[in-house]
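First to last, the sequence lines map onto chains A and B. With numbering that gives the first Met the number 0, you'll find the first sequence wraps up at 325, consecutive numbering, no jumps. With numbering that gives the first Met the number 0, you'll find the second sequence wraps up at 330, consecutive numbering, no jumps.
Hints were generated in silico from the structure; no laboratory data involved. A hint or two may mislead.
[Claimed, not checked] One side only, chain A facing chain B, incomplete, derived with CB under 7 Å:
#1 Ala13
#2 Ala17
#3 Leu128
#4 Gly233
#5 Leu276
#6 Gln278
#7 Pro287
#8 Phe290
The beta-carbon is built from N, C-alpha and C at its ideal position, and this holds for glycine as well.
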Amino acid sequence: MDWSLILNWGFLIALATAGITLAVPVLLAALGEIVTERAGVLNLGLDGVMVAGGVAGFMAAFYLQNGPLAGISQWLGLAVGVLAGMLMGLILAVLTITLRADQVVAGVTLVVLGHGVGNYLYRQNIGTLTARTNGLPPLALPGLNRIPVLGEILFNKDGTVYLTAFLVFLVWFLLFRTTWGLKIRAVGENPAASDTSGINVNLTRYAATLIGTALAGLGGAVLTVVQLRMFREGIMGGRGWIALALVIFARWRPGLALAGALMFGLADAIQYRVQALSQIERGVGTIPYEFLLMLPYILTILVLLYRAGRGDAPEALGRPYVKGSD
Amino acid sequence: MRSRLSFLVVLLVIAGLVLAGCTQAPAAAPAADKGGFAIVLTGPWQDHSWNEAGYLGAQALGKKGVRIAFSENVKDADAARVLRQYCDQGYEMIVAHSFSYQDATFQVATECPKANFAWAGGINRTAKNVADYDQPFYEAAYPIGVLAGKLSKTGMLGALYGFDIPVCHAMGEALLAGAKTVNPNARLITTAVGDWVDVAKAKQAALAQADAGVDYWIECGEGPALGAIEAAKERGGYVTGYVGDMSSVGPDHVVVSLVWNLEPMFQKMLDDTKAGKFDAPYYRFGIAEDALQLKFNDKLKDKVPADVMRTVEQTMADIKAGKVKVEFVPK
Numbered sequence: 000m001d002w003s004l005i006l007n008w009g010f011l012i013a014l015a016t017a018g019i020t021l022a023v024p025v026l027l028a029a030l031g032e033i034v035t036e037r038a039g040v041l042n043l044g045l046d047g048v049m050v051a052g053g054v055a056g057f058m059a060a061f062y063l064q065n066g067p068l069a070g071i072s073q074w075l076g077l078a079v080g081v082l083a084g085m086l087m088g089l090i091l092a093v094l095t096i097t098l099r100a101d102q103v104v105a106g107v108t109l110v111v112l113g114h115g116v117g118n119y120l121y122r123q124n125i126g127t128l129t130a131r132t133n134g135l136p137p138l139a140l141p142g143l144n145r146i147p148v149l150g151e152i153l154f155n156k157d158g159t160v161y162l163t164a165f166l167v168f169l170v171w172f173l174l175f176r177t178t179w180g181l182k183i184r185a186v187g188e189n190p191a192a193s194d195t196s197g198i199n200v201n202l203t204r205y206a207a208t209l210i211g212t213a214l215a216g217l218g219g220a221v222l223t224v225v226q227l228r229m230f231r232e233g234i235m236g237g238r239g240w241i242a243l244a245l246v247i248f249a250r251w252r253p254g255l256a257l258a259g260a261l262m263f264g265l266a267d268a269i270q271y272r273v274q275a276l277s278q279i280e281r282g283v284g285t286i287p288y289e290f291l292l293m294l295p296y297i298l299t300i301l302v303l304l305y306r307a308g309r310g311d312a313p314e315a316l317g318r319p320y321v322k323g324s325d
Numbered sequence: 000m001r002s003r004l005s006f007l008v009v010l011l012v013i014a015g016l017v018l019a020g021c022t023q024a025p026a027a028a029p030a031a032d033k034g035g036f037a038i039v040l041t042g043p044w045q046d047h048s049w050n051e052a053g054y055l056g057a058q059a060l061g062k063k064g065v066r067i068a069f070s071e072n073v074k075d076a077d078a079a080r081v082l083r084q085y086c087d088q089g090y091e092m093i094v095a096h097s098f099s100y101q102d103a104t105f106q107v108a109t110e111c112p113k114a115n116f117a118w119a120g121g122i123n124r125t126a127k128n129v130a131d132y133d134q135p136f137y138e139a140a141y142p143i144g145v146l147a148g149k150l151s152k153t154g155m156l157g158a159l160y161g162f163d164i165p166v167c168h169a170m171g172e173a174l175l176a177g178a179k180t181v182n183p184n185a186r187l188i189t190t191a192v193g194d195w196v197d198v199a200k201a202k203q204a205a206l207a208q209a210d211a212g213v214d215y216w217i218e219c220g221e222g223p224a225l226g227a228i229e230a231a232k233e234r235g236g237y238v239t240g241y242v243g244d245m246s247s248v249g250p251d252h253v254v255v256s257l258v259w260n261l262e263p264m265f266q267k268m269l270d271d272t273k274a275g276k277f278d279a280p281y282y283r284f285g286i287a288e289d290a291l292q293l294k295f296n297d298k299l300k301d302k303v304p305a306d307v308m309r310t311v312e313q314t315m316a317d318i319k320a321g322k323v324k325v326e327f328v329p330k
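Next up, chain A with everything else stripped away, as it sits in the complex:
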């Protein structure tokens, strides 16, 4: 193929734009899951939480955008997505923290529940494929957007992209630079010791679970309200599961989650572009598309191999805490 089609600024800008768009929803969910898992709660229900956030956010934005709140309807939609996520989180927290249910079983329950309730509500209330939210316009950051190439890639995005970048920082700051974060991590490593030193284990786990599902709900809502501006069954495309893999991939670190999400997004973006461009010259693809489709997964396996056997995971992950049992 003709490499000049790929090695130019226009291509790189389009590539980075697509990569960032694909990365945002998964990254938000992964960030949330990092907080939750750091406190020792495994939320396997992430995909269901994203669907709940996606459907609630979409419906709120859709219904509000023609009313008196039209101006902020899309942001309100995102907020409702957050609340829906937290509601799902509350169910999980009651089951796994208060009632000490098996976290794997409860998580899978949450997936089924999220998909079931989400699709049911959408179908009962809107049901068509033609409903669209208004979405958010790109918000150019004055000055910064004038930087050649970089300005176009990074500083001419809709608000949710900046918000996501800020949340990466915020989650890192919360976990590693505040007493609160220290408590979360302590509870995830050794709940008994934390309890002894006066940390309320259950309260901390409740908070971490709710923060986590709030972010996952936001991720689902960003996809439906802002990026695709529609909802349909299966629209989440298993992104919750990808986010769970991303957490392991990122070794429970927000910064690495950002890098990983961008890598996944870029891998998808690049393979679509190479598929399309490799046909301009000769009319046929020169690289088999199946090879390109497996790129993101090869990357995952490589990283997992590299980290195999190292104890990155929070020590008490997945184990309910019973006072005085350790």
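Assemble the complex: chain A is given as a structure, and chain B must be docked to it using the hints.
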């Protein structure tokens, strides 16, 4: 404590399953309680596409007084159970409207010899009481190509597939062949998204094609169709509705829809069953049988010059009359 907990978990699972499945209870029309036509669908029927085509085909039979039933959102793992249920309820013609129902269909068909079955294979795999039916969408892609060749400003046509399977591949090639009859310089760019329903990925794949110059799309799969429509809204260009009237989904971009009319084929299945002539048939209903139609978007009709419209309609007529034979290029 423990028992209360398991009760809660079970309750939640049931709530989820019931809500997810609350639309799949077979809705039987009142009529005779023996005989009749049932269809099993993979998704919701209002998808403006594949499932809607199956649903509308069954409804058309229902209007003629046939006892009909349908199930939506049936996962592959549940297909055998649902098919068996229809067999027990006495339906004589049961359609499993998905390639992925293959194993379930053949399995239940051996258990239930009194009913006839059909699956959407398109590969001519049949059994004594199992029919296969083809999806020759490529035939209609040819006249759509004639339209695309005229409407595309760049001459660059895009084909967006869920996966590069023969049914899909042939659509892209037929589109190009049709386009070349009016624009010899027309070229085709194909992309396999790697997913049938993921709209976000399909949209990015379509945007990548737009960057390569594509301004007319044909799609194979519902996700790719919705993705192409969303991409066209951002970049401009025209999109083909996939296997159902998608005019309302993309009112300013879906210029024509490839519509799959399953009524004649479903009627034939039922007739063959009643006449006792059903013996491992392979149904192939294309343009000539009126199973594939073009539905133009009324809102965009003025964008299509009258002479182009005539050429497209003439091409349809020629295929129908057998004067033009569209080549099937599976790979």
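- Message: Could you work out which of the previously given hints the structure breaks and list their numbers from low to high?
- Response: Going through the list in order, the structure violates hints 7, 8 and respects the others.
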